[in-house]
Amino acid sequence: MASERINNLGNLPTGTIGHIASFLSRTSRALFAVGLANPPNNDAALNDSSSAIIGSQWDILDFGEINKDLAAKLSDDDIKNVLIFIDAASRVKRLKLTGCMNITGSGLEPLRGSLTIEQIDLSLVGDHQNSRLDPEPQISRDVVIPILDSIIEREGCALKHLQLPLSWRRERDTQPHITSILYEFIARYNQMLESGPGVRCVKCSDRHRNEHLP
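In our numbering, the protein residues as written are -6 to 207.
The hints are simulated quantities; they were obtained by calculation from the structure and are not laboratory data.
One or more of the hints may lead you astray.
Cβ pair distances, simulated, as ranges [stated by the list, open to error]:
1. Asn60 to Glu148: 16 to 26 Å
2. Gly8 to Pro139: 34 to 44 Å
3. Asp52 to Gly189: 16 to 26 Å
Note that the coordinates shown come from a computational prediction; the quantities given were computed from them, not determined experimentally.
For each residue, glycine too, the CB sits at the ideal point set by N, CA and C.
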């Protein structure tokens, strides 16, 4: 039934679809476009209606713009399809995964090697919100760090601000091997920042750089 309704919406004139989408937040428009596509993981699915919904201005992608219950249900496939549809690797400068509690981070794969992204917030919480989450999120260091490495190792990397999940840093005592992997990445990230012209290390990264593992 739900699929039939979406298909009917997709048959509306492109102008009408675009007008409906204009009342939605930017992130909601991207999810709307993914919902209209069939199949969503097919490049050919980015039809005129989807293009009308998405538009071309995507400096910021903030999942905090959508209902928090919806954000908590989004899968890695949902995130991946949104990033593919908006060509995030070459358009998005700031990404905030606010409320995306159900992801491991594999959906960030389309950002691999991006020279455009400047800020990535993986804390999963909004501005001025408590960063302690219960239950703890599923976002995985093993999945995300290789993607981040692919970004910071590129010459011309633009990434200047990176906020990591608090849960990654709280496992220092219980999972020292994993924590070591995290801190090794932070060291590489700080080295990249220090080698770039006119770029200052963000406070959280500076704090971790000055900490020493036991």
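- Report the numbers of all earlier hints that the structure fails to satisfy, in ascending order. Number 1 only.
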